[in-house]
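Enquirer: Sequence order for the protein chains is A and B.
If you use the working numbering, the first sequence corresponds to residues 25 to 243, in order.
If you use the working numbering, the second sequence corresponds to residues 1223 to 1485, in order.
A couple of the hints might just be wrong.
[To be verified] Subject to a maximum C-alpha distance of 16 Å in a straight line, what follows is the list of computed EDC-like cross-link-like pairs (lysine to aspartate or glutamate):
{"#": "1", "chain 1": "A", "residue 1": "Lys147", "chain 2": "B", "residue 2": "Asp1306"}
{"#": "2", "chain 1": "A", "residue 1": "Lys147", "chain 2": "B", "residue 2": "Glu1279"}
{"#": "3", "chain 1": "A", "residue 1": "Lys147", "chain 2": "B", "residue 2": "Glu1352"}
{"#": "4", "chain 1": "B", "residue 1": "Lys1231", "chain 2": "B", "residue 2": "Glu1289"}
{"#": "5", "chain 1": "B", "residue 1": "Lys1369", "chain 2": "B", "residue 2": "Glu1352"}
{"#": "6", "chain 1": "B", "residue 1": "Lys1231", "chain 2": "B", "residue 2": "Glu1256"}
{"#": "7", "chain 1": "B", "residue 1": "Lys1316", "chain 2": "B", "residue 2": "Glu1289"}
{"#": "8", "chain 1": "B", "residue 1": "Lys1316", "chain 2": "B", "residue 2": "Asp1425"}
{"#": "9", "chain 1": "B", "residue 1": "Lys1369", "chain 2": "B", "residue 2": "Glu1357"}
Quick caveat, the hints were computed from the structure, so don't treat them as lab data.
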Amino acid sequence: MDWDWDFVRQIMPTLVQGVKITILATLLGSVLAAVVGLGIALARRSPNKALSRTVGWAAEFIRGTPLLVQLYFIFYVLPDIGILLPPLVAGVIGLGLHYGTYTAEVYRAGIDNVPRGQWEAAKACNLNARQTWSHIIIPQAIPPMIPALANYFIAMFKETPLLSAITVLELMNQAKSVANTYYRYLEPITLVGAFFLVISLCSVVLLRWLERRYGKIER
Amino acid sequence: MSTAAPIIKVDAISKSFGAFKVLDGLSMQVMPREKLALIGPSGSGKTTILRILMTLERIDGGHIQIEGEHLYHMERNGQLLPADERHLARMRQKIGMVFQLFNLFPHKSVIDNVTLAPMLTKGVARAAAEKRAMELLDMVGMADKAKAMPAQLSGGQKQRVAIARALALQPKIMLFDEVTSALDPELVEEVLNVLWRLCAETDMTMLLVTHEMGFAHDFADRVLFFDRGRIVEEGKPDEIFRHPKQERTQAFLKKIIAAGHRV
Chain A
25 MDWDWDFVRQ IMPTLVQGVK ITILATLLGS VLAAVVGLGI ALARRSPNKA
75 LSRTVGWAAE FIRGTPLLVQ LYFIFYVLPD IGILLPPLVA GVIGLGLHYG
125 TYTAEVYRAG IDNVPRGQWE AAKACNLNAR QTWSHIIIPQ AIPPMIPALA
175 NYFIAMFKET PLLSAITVLE LMNQAKSVAN TYYRYLEPIT LVGAFFLVIS
225 LCSVVLLRWL ERRYGKIER
Chain B
1223 MSTAAPIIKV DAISKSFGAF KVLDGLSMQV MPREKLALIG PSGSGKTTIL
1273 RILMTLERID GGHIQIEGEH LYHMERNGQL LPADERHLAR MRQKIGMVFQ
1323 LFNLFPHKSV IDNVTLAPML TKGVARAAAE KRAMELLDMV GMADKAKAMP
1373 AQLSGGQKQR VAIARALALQ PKIMLFDEVT SALDPELVEE VLNVLWRLCA
1423 ETDMTMLLVT HEMGFAHDFA DRVLFFDRGR IVEEGKPDEI FRHPKQERTQ
1473 AFLKKIIAAG HRV
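Just chain A, with the same shape it has in the complex (with noise of 0.2 Å):
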């Protein structure tokens, strides 16, 4: 088993397209998890039951079944009845979806965490509920829970090589289809290990710099 430096030259770019995708799709699904997250947790909070409950469950299924067969399933199993998505889209809404379930349980924490009598002063102030939910309670509850969301974002990076599987190019992808190639497989899985290592420690560091800018409000 010798290292080949060589082989590493020739498939590095093959690679480095892998990890524009894969950072791409951590990207796009990190967006998609906050706000379908944020929706999850404000209609939980709705007086309608119907709605919260609905929503709940939904959640609640969604937390318990595996990302990957919700993946095979928005791929392969949605075009049965005539949705057809791209395999990146189909990933980007699987990570979304799946992360948006748990993201929920942060801005859940995050908004109980505001104190009660900002809402009453909100009430005081004769603001409605909308009025009250933009300029009072979100803008308040989003800062302390900026870490917790951004741990759940990095779990999110490291699981996108399951997007391998309803065939989205990603790195874990590339390096597969280039190992398969050559029938070598020591370099391109070290090498996505190392990407994975690498860009996860810089996420790291980026994530003890949001604790110490948003951990705390003061009041």
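Assemble chain B onto chain A, guided by the hints.
Expert: Only chain B this time, still in chain A's reference frame:
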């Protein structure tokens, strides 16, 4: 004053928290411009009635009228129906409240705390809202801190900003819920001075829940003594503080004086 109509009419309202009956058939009337002090032991219902007037708590029974209009009910075809949110929002315009723990919006600067509600709820333009806010901040002695964040202020300063924020909506009735109770003793006076100024410069009706008996005595036109969800005794400050008739009032005042409060 006897010919004028009351601005607040509370009729036989009751309110329970679980098994605890905090208000038990409470009735009271407040005349326009009247300054009322609500005193009594904790749990007697004095804060609850303020919170009910601000619609922060719902009543279990009874009626409240503000300027002759029902607060929690709407009249439709001669019937009294529970008020919807729109009705409540319209009624809330008449009322402002200042809280024990200030409840400033910590993510907004002092001036933004004051301009937010007029801009959002009354559609006031930013320039006009800021001009008005600066006048109000000047009135409470906080104009030089307009750009500061609430976390940079002392308790007394926060409370003065909170008063300016409530004034910005030009309520006819202002509710003060133990506004000096959370302050260090040396900061109480600066807030009470602002209340004196409001009294002199505005014609708002003011309801104060307070433990500052000396201030209540000097400030109020009328004092209501609450106990166990009812008004046990009411009258001019001198009558209540110097010559209380009811045993429970006497016992309460004795306890307060023993605790070192000035009457």
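Enquirer: Work down the list of hints and note, for each, if the structure agrees.
Expert: Quick rundown of the hints versus the structure:
Restraint check for A:Lys147 and B:Asp1306: the C-alpha separation of about 15 Å stays at or below 16 Å, so the hint holds. For a cut-off of 16 Å, the pair hint linking A:Lys147 to B:Glu1279 stands: about 11 Å separates their Cα positions. For the suggested pair A:Lys147 and B:Glu1352, the alpha carbons sit about 21 Å apart, so the restraint of at most 16 Å is broken. Restraint check for B:Lys1231 and B:Glu1289: satisfied, since their Cα atoms lie roughly 8 Å apart, inside the 16 Å limit.
About 11 Å separates the Cα atoms of B:Lys1369 and B:Glu1352, which keeps this hinted pair within 16 Å; it holds. Between B:Lys1231 and B:Glu1256, the direct Cα distance comes to roughly 13 Å. Compliance with the 16 Å bound is thereby established for this hinted pair. With a C-alpha separation of about 9 Å, the suggested pair B:Lys1316 and B:Glu1289 falls inside the 16 Å cut-off, and the hint holds. A distance of roughly 13 Å separates the Cα atoms of B:Lys1316 and B:Asp1425; the hinted pair therefore holds under the 16 Å criterion.
At roughly 14 Å between alpha-carbon atoms, B:Lys1369 and B:Glu1357 fall within 16 Å of each other, so this suggested pair holds.
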